[in-house]
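Novice: Numbering (our numbering), first residue to last: 3 to 149.
Mixed in with the good hints there might be a few duds.
DSS-like cross-link-like pairs, simulated, lysine-lysine; straight-line CA separation at most 30 Å [unchecked claim]: (1) Lys-31 / Lys-42; (2) Lys-14 / Lys-31; (3) Lys-74 / Lys-42; (4) Lys-31 / Lys-4; (5) Lys-74 / Lys-14; (6) Lys-31 / Lys-74; (7) Lys-42 / Lys-146.
To be clear, the hints were calculated from the coordinates, so they are not data collected in a lab.
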Amino acid sequence: LKLSTRQTEMLKCMITHHMRPGYLVEAEKVTDRAVYRFFKATQQEGIAVLLLSLADRYATMGPASSTEGIEKHYEVVCYLMEKLYSHQPSANPPRLINGHDLMEYLCLPPSPLIGRLLQVVEEGIAEGRITDQMAALEYARDHKDSS
Numbered sequence: 003l004k005l006s007t008r009q010t011e012m013l014k015c016m017i018t019h020h021m022r023p024g025y026l027v028e029a030e031k032v033t034d035r036a037v038y039r040f041f042k043a044t045q046q047e048g049i050a051v052l053l054l055s056l057a058d059r060y061a062t063m064g065p066a067s068s069t070e071g072i073e074k075h076y077e078v079v080c081y082l083m084e085k086l087y088s089h090q091p092s093a094n095p096p097r098l099i100n101g102h103d104l105m106e107y108l109c110l111p112p113s114p115l116i117g118r119l120l121q122v123v124e125e126g127i128a129e130g131r132i133t134d135q136m137a138a139l140e141y142a143r144d145h146k147d148s149s
């Protein structure tokens, strides 16, 4: 079986991340941060990962499996899909600023710090802490020293 590079990357992502929804089942509540991190890690393979996760869970019936656990897994997968398809910022946050905005506002040269700050801001948007461009710039400024 010969696969393209793209197909190989897709399969690698699916295999790597298909257990993540199961870990979210263990959490009391699936937070916006967890939703953001799941879709950030899985990128465009998010739905495929969710479906593989659900199929894997259904396939692992045995003495350690419970109907309640399977139902909860199904609920988490549905919740994540709902977040994605309802265009919730936690699943796909809008980009309010870019690296040039940060460098200008914070008087910084191009560096890896800019990328780290953009990630911090993106996570803040996903969590609902940031809603506009100015808030994003101020959030980056506040997190500059810890990034």
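Novice: If a hint holds in the structure, say so; if it does not, say that too.
Specialist: We went through each hint and held it up to the structure:
1. Of the pairs offered as hints, the one joining Lys-31 and Lys-42 holds, with about 19 Å between alpha carbons and a cut-off of 30 Å not exceeded.
2. Distance restraint check for Lys-14 and Lys-31: the Cα-Cα separation of roughly 28 Å lies within the 30 Å cut-off, and the hinted pair is therefore satisfied.
3. Pair hint Lys-74 plus Lys-42 holds up; C-alpha atoms about 23 Å apart against a cutoff of 30 Å.
4. Restraint check: the Cα-Cα separation between Lys-31 and Lys-4 comes to about 41 Å, which exceeds 30 Å; the hinted pair is violated.
5. This hinted pair checks out: Lys-74 and Lys-14 have alpha carbons roughly 26 Å apart, not beyond 30 Å.
6. At most 30 Å may separate the alpha-carbon atoms for a hinted pair to count; Lys-31 and Lys-74 meet this at roughly 11 Å.
7. Taken as a hint, the Lys-42 and Lys-146 pair is honoured in the structure, with Cα atoms around 22 Å apart against an allowance of 30 Å.
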